[in-house]
Amino acid sequence: AQSVSQHNHHVILSEAASLELGCNYSYGGTVNLFWYVQYPGQHLQLLLKYFSGDPLVKGIKGFEAEFIKSKFSFNLRKPSVQWSDTAEYFCAVSNTGNQFYFGTGTSLTVIP
Amino acid sequence: DTGVSQDPRHKITKRGQNVTFRCDPISEHNRLYWYRQTLGQGPEFLTYFQNEAQLEKSRLLSDRFSAERPKGSFSTLEIQRTEQGDSAMYLCASSPSGPSYGYTFGSGTRLTVV
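Protein chains in written order, with our numbering: chain A, 1 to 112; chain B, 1 to 114.
Source of the hints: derived by calculation from the structure; they are not laboratory data. Nothing here was measured: the structure is a model prediction, and the numbers come from that model. No residue lacks a Cβ here, since even glycine has one placed at the ideal position from N, Cα and C. Check before you lean on any hint, since a few could be wrong.
Just so you have them, the derived chain A footprint on chain B, three or more residues with Cβ under 8 Å [unchecked claim]: (1) 41–49; (2) 106–112.
Where chain B lies over chain A, by a calculated footprint (3+ residues, C-beta under 8 Å) [claimed, not checked]: (3) 29–43; (4) 69–77.
The following block holds chain A by itself, in its conformation from the complex (with noise of 0.2 Å):
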């Protein structure tokens, strides 16, 4: 079975931060990765998603990860980041399409 690790439990950053969010899976094969994320309340939404192509991938809301194969890692990158963008963060990843397997995510505050 596949695992996933998000490294990071709990980050606070400041409005204007840069941010980054560490996550390694452990399959060697062909995979597809996301990130999800879920606001106060609200239900899981897709950020972005890689399957092929491109490793960089570009997400809604300025969000953008790098799959590098090699390290086995799929990182969450946004520049410059806003109070509304306090939330969890989940990445997941698949190999067969018919089940992901998630991390445990990481929570994100963001101090305006």
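Model the placement of chain B on the given structure of chain A, informed by the hints.
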């Protein structure tokens, strides 16, 4: 709203009772998934349907759990003889076919077993 709908949003039940949750996926999505999320954890896979066929079940899905998707539309998840350890958020998601699609999640049903 054309998203994934789950009902009820919250359910409090006494230990030993049976509960049933419903999920209505996006109508054109033929894949439907159930996940469970506990505090401080990411969602964990329970089961998956393609149309009406249940194609995969996690070992987390004990014999007290059963899921159905009659006619390939809405799905139900039933938990019999609930235990306190069943307390969690139960998430439903749907997607079109294909490994590269992300899921669309519902808002979940929060189950509390007292």
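Hint check results:
1. 41–49: Since three or more residues must qualify, the claim that chain A covers the segment 41–49 of chain B holds, with 6 doing so at under 8 Å.
2. 106–112: holds (count 3)
3. 29–43: As far as the segment 29–43 of chain A goes, the hint holds, because 5 residues have Cβ atoms under 8 Å from chain B.
4. 69–77: violated (count 0)
Consistency note: the structure conflicts with earlier hint 4 alone.
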